[in-house]
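Read top to bottom, the protein sequences are chains A and B.
Using the working numbering, you'd call the opening residue of the first sequence number 9 and step up by one each time.
Using the working numbering, you'd call the opening residue of the second sequence number 9 and step up by one each time.
Hint data in this document are derived by calculation from the structure and do not stem from the laboratory.
Among the hints, erroneous ones may be present.
Copies of one chain are not kept apart here, so a pair can be met inside one copy or by any two copies together.
[Said to hold, decoys possible] Capping the alpha-carbon separation at 20 Å, the derived lysine to any residue pairs in SDA-like fashion look like this:
1. K153 / G64
2. K190 / Q31
3. K205 / R21
4. K115 / E44
5. K115 / N30
6. K205 / Q194
7. K205 / D16
8. K115 / G177
9. K58 / I17
10. K58 / I85
11. K58 / L152
12. K190 / E118
13. K115 / L32
14. K115 / C165
15. K205 / I17
16. K153 / R133
There are 2 protein chains.
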Amino acid sequence: MNKQNIPDIVIQRLPIYLQALNQLLREGRGVVSSAELGHLVMVTAAQIRKDLSYFGGFGKQGSGYNVIYLIESIRAILNLNQIWPVVIVGVGNLGQALLRYQGFSRKGFEIVLACDINPSLIGTRINGLEISDINNLEENLRRLKLQIAVLTVPAACAQNVADKLVSYGIRAILNYAPVVVKAPEQVHIINIDPVVKLQNLTYYLDTKDYQGLDNK
Amino acid sequence: MNKQNIPDIVIQRLPIYLQALNQLLREGRGVVSSAELGHLVMVTAAQIRKDLSYFGGFGKQGSGYNVIYLIESIRAILNLNQIWPVVIVGVGNLGQALLRYQGFSRKGFEIVLACDINPSLIGTRINGLEISDINNLEENLRRLKLQIAVLTVPAACAQNVADKLVSYGIRAILNYAPVVVKAPEQVHIINIDPVVKLQNLTYYLDTKDYQGLDNK
Numbered sequence: 009m010n011k012q013n014i015p016d017i018v019i020q021r022l023p024i025y026l027q028a029l030n031q032l033l034r035e036g037r038g039v040v041s042s043a044e045l046g047h048l049v050m051v052t053a054a055q056i057r058k059d060l061s062y063f064g065g066f067g068k069q070g071s072g073y074n075v076i077y078l079i080e081s082i083r084a085i086l087n088l089n090q091i092w093p094v095v096i097v098g099v100g101n102l103g104q105a106l107l108r109y110q111g112f113s114r115k116g117f118e119i120v121l122a123c124d125i126n127p128s129l130i131g132t133r134i135n136g137l138e139i140s141d142i143n144n145l146e147e148n149l150r151r152l153k154l155q156i157a158v159l160t161v162p163a164a165c166a167q168n169v170a171d172k173l174v175s176y177g178i179r180a181i182l183n184y185a186p187v188v189v190k191a192p193e194q195v196h197i198i199n200i201d202p203v204v205k206l207q208n209l210t211y212y213l214d215t216k217d218y219q220g221l222d223n224k
Numbered sequence: 009m010n011k012q013n014i015p016d017i018v019i020q021r022l023p024i025y026l027q028a029l030n031q032l033l034r035e036g037r038g039v040v041s042s043a044e045l046g047h048l049v050m051v052t053a054a055q056i057r058k059d060l061s062y063f064g065g066f067g068k069q070g071s072g073y074n075v076i077y078l079i080e081s082i083r084a085i086l087n088l089n090q091i092w093p094v095v096i097v098g099v100g101n102l103g104q105a106l107l108r109y110q111g112f113s114r115k116g117f118e119i120v121l122a123c124d125i126n127p128s129l130i131g132t133r134i135n136g137l138e139i140s141d142i143n144n145l146e147e148n149l150r151r152l153k154l155q156i157a158v159l160t161v162p163a164a165c166a167q168n169v170a171d172k173l174v175s176y177g178i179r180a181i182l183n184y185a186p187v188v189v190k191a192p193e194q195v196h197i198i199n200i201d202p203v204v205k206l207q208n209l210t211y212y213l214d215t216k217d218y219q220g221l222d223n224k
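Let the hints inform the model, and build the full structure from the sequences given.
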């Protein structure tokens, strides 16, 4: 399996498949067809089969996929058979909400470091984790050998902070800042700015249907 | 221009291009080449040209794109020449963080409705907006004629709430709940669950480099 040959868009869909498969597992299902899985995640059955074919065969034609085997295979592909430690950089409203979010630890991620520049936050605890000084970021990242950062800083300093993260060994950034952050090719960045996502959705909306705020 | 023929992945990139173009505009730039724009958003120049070619020509070969003209064109394509009103459904940690986020109004979105099921939240104000009772959702959505919802409810009720949103006229959902939410084909859903995004990033990381939490 050569990672270079698999399109990023296929990798993007795998966690969605995993989410749907886990739902099926909770419902006690043992087998699922590509048609049903596709229906659950709103892609075609052919797309499911094509995506999975990049990683070898996961089922015989006509008999469907074994749910547990497919879950374990996708988890292995995505390197999810371990707990991934994560740093949150920037503990404003959004950073605090993420620190309080219970979903990370259940899904294989543990926030082990959170830092900010604000002296009134440094040393306080949120959800049990003490907020550290961003000035100690290099020391902390090198000690903890973290590879994943969640970037929740203002747009104006996002690039500067990202550059530092990369130089301290971070190789994957989940970027909430509303700005394009650049990094060397070997560093993977996913932009999760809600405005960018909303601006994607409005393409599909019909402006003629909309009556404006006059009715408020 | 037939919306059916343009791949979703192209539409997904347009807001990113817009973000980069706005940065260039703030820096006083009048013209940008596909190579430079591609460098800013980390796609190839050929990809930029191909994506933009779906919407007609935006520049002459060799002379680059006019930044302002390209911004205005992309804004028109994405229906951003209006303020889009948005409802936030679920005012927990994340919903509250989004309500306090200043970035929406600057980028063409206004949160005009926020609702929750929690009696201790209903009637309180966050960032000037009074939290309404989710039981009044149908009445409020029909009155305000909203098309866009941000879904920040627990996973267990996400599908049920999404079904209601769709039946009340919502046509685009930004889904933060960590669950696959289904909707009819004419409704567009973007999943923004951070765990799914992190599980995408771990694919690219090297598990061998990681020393575990022993060093903490």
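To see whether the hints hold, each was checked on the structure:
1. K153 / G64: neither (33 Å within a copy, 48 Å between copies)
2. K190 / Q31: between (36 Å within a copy, 13 Å between copies)
3. K205 / R21: both (17 Å within a copy, 10 Å between copies)
4. K115 / E44: Close neither inside one copy (24 Å) nor across copies (38 Å); limit 20 Å.
5. K115 / N30: Answer is within; shortest intra-copy Cα gap is 11 Å, inter-copy 36 Å.
6. K205 / Q194: between (25 Å within a copy, 17 Å between copies)
7. K205 / D16: Both, since 18 Å and 12 Å are each at most 20 Å.
8. K115 / G177: Neither way: K115 and G177 sit 23 Å apart in one copy and 33 Å across, limit 20 Å.
9. K58 / I17: Answer is both; intra-copy 12 Å and inter-copy 17 Å each pass.
10. K58 / I85: within (16 Å within a copy, 31 Å between copies)
11. K58 / L152: neither (38 Å within a copy, 42 Å between copies)
12. K190 / E118: Result: close neither inside a copy nor across copies, 25 Å intra and 29 Å inter.
13. K115 / L32: within (16 Å within a copy, 38 Å between copies)
14. K115 / C165: Between copies only: 19 Å across, 30 Å inside.
15. K205 / I17: Close inside one copy (16 Å) and across copies (12 Å); limit 20 Å.
16. K153 / R133: neither (22 Å within a copy, 42 Å between copies)
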